[in-house]
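Engineer: When you get a sec, could you build the whole thing from the sequences and use the hints?
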Amino acid sequence: MFNKWQEKINYFGTGEEGFTLIELMIVISVLGILAGIAIPRFSGVQDKAKIAAVESDLRNIQTGLEMYKAENGSYPTSVSLITEYVEFEGLDNYSFEADSEYDYTISTSVGGVEVTLTPGGISTTDD
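If you read the sequence shown in the numbering used here, its first letter stands for residue 1, the second for the next number, and so on.
Keep in mind that the hints were calculated from the coordinates and are not lab data. A hint or two may mislead.
[To be verified] Using C-beta positions, here's what the derived DEER-type ranges look like:
| hint | residue 1 | residue 2 | range |
| --- | --- | --- | --- |
| 1 | 30 | 123 | 35 to 45 Å |
| 2 | 50 | 84 | 20 to 30 Å |
| 3 | 56 | 84 | 15 to 25 Å |
Note that CB positions come from ideal geometry on N, CA and C, so glycine has one too.
Structural biologist: Here it is as structure tokens:
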């Protein structure tokens, strides 16, 4: 009778089971390499999304500037003059410069990239 129990124990629990330390170290190394590749790419996506949001804000501001010009014959000397045309928050993050009544520059920086709007369009440059 004891032999039958011993046979069952040998059948179920005496074989080498589980993972060796080497196998675990290899899996952890592979996961570390994958994380090292994925994390920087994800942060680049976030920066691109922030830049796209800023460009969208600048297009809205540009629309307001063009509406102001259509009604008044020239661009405003201050961006606060277009608040009736465009609602936007965080105005202090943008710098507005009117070189003349027919030219303007609005710029801001996000994620190390300078985004500038002129009557000719939007441009981006790395800092």
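Engineer: Note whether the CB distance of residue 56 and residue 84 lies within 15 to 25 Å or breaks it.
Structural biologist: 20 Å, holds
Engineer: Are residue 50 and residue 84 spaced within 20 to 30 Å by their CB atoms?
Structural biologist: 28 Å, holds
Engineer: CB of residue 30 to CB of residue 123, is that within 35 to 45 Å?
Structural biologist: Holds - the Cβ-Cβ distance for residue 30 and residue 123, about 42 Å, lies within 35 to 45 Å.
The structure agrees with every numbered hint stated previously.
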